[in-house]
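Visitor: Per my numbering, residue 1 is the first one in the sequence shown, and the count goes up by one each step.
To be clear, the hints were calculated from the coordinates, so they are not data collected in a lab. Take these hints with a grain of salt, some might be off.
[Claimed, not checked] Lysine to aspartate or glutamate pairs mimicking DMTMM-like chemistry, simulated, CA-CA at most 25 Å apart:
1) Lys54 x Glu70
2) Lys147 x Glu181
3) Lys199 x Glu162
4) Lys54 x Glu177
5) Lys120 x Glu181
6) Lys54 x Asp175
7) Lys199 x Glu70
8) Lys147 x Asp113
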Amino acid sequence: MNLLKTYAPFRDFYEKSGGTAGEEEPAAKAAVASEATPEEQIEAAHSAIQVALKADLLLRVLAQSPAFFERLIVELLVAMGYGGSHDRAARSLGKSGDGGVDGVIDEDRLGLDRIYIQAKRYARHVSVGRPEMQAFVGSLVGLGATKGVFVTTSGFSAPATEYVRHIPQRVILIDGERLAELLVEHDVGVRVSHTISVKRMDEDFFVED
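All chains should be modelled from the sequences, with the hints used to inform the complete structure.
Guide: Structure follows, in structure tokens:
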């Protein structure tokens, strides 16, 4: 944390979020002492802000209602190119099938194939276990489906992950960390706050004929 606080963008974010700054060196002294280039310092600060943003996203998702979580998954899948349109995806999700399927969504805009969805809004310390995974896969078998996505705000136990590796169905596991990454990548629940343009000397401009 002391290293991260030497980067002004992260320090501003940390202080605004209610963190305790504590004792730290002045920014100017830290910049002189650092061996990193300005570009490297910007990249490091950006990475630190991204980590904090993803952690905050998961906390906010957990604080929302199950209905909000369902809408969030709809928004994300549509942003990723699934479901055709928001309205069509929203109608598909939420129509529960048998035993552990929360919804179905088109894999492509033409609806040539379908993906079945299971979403679990769990606290970070509660992992999705093998029994829940078996129930989901059993539903896929009963529906004659070959593809599924299991999304959770927490993680998956080792037995659950191992089980998925040895079944003929294609099941993608999205844990809390991956979910946060996808939300940031596809601009769902986030927006651009600042844009920094780094410019360099145009050497060709100064070359005389």
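Visitor: Against the structure shown, which of the earlier numbered hints fail to hold, in ascending order?
Guide: 3, 7
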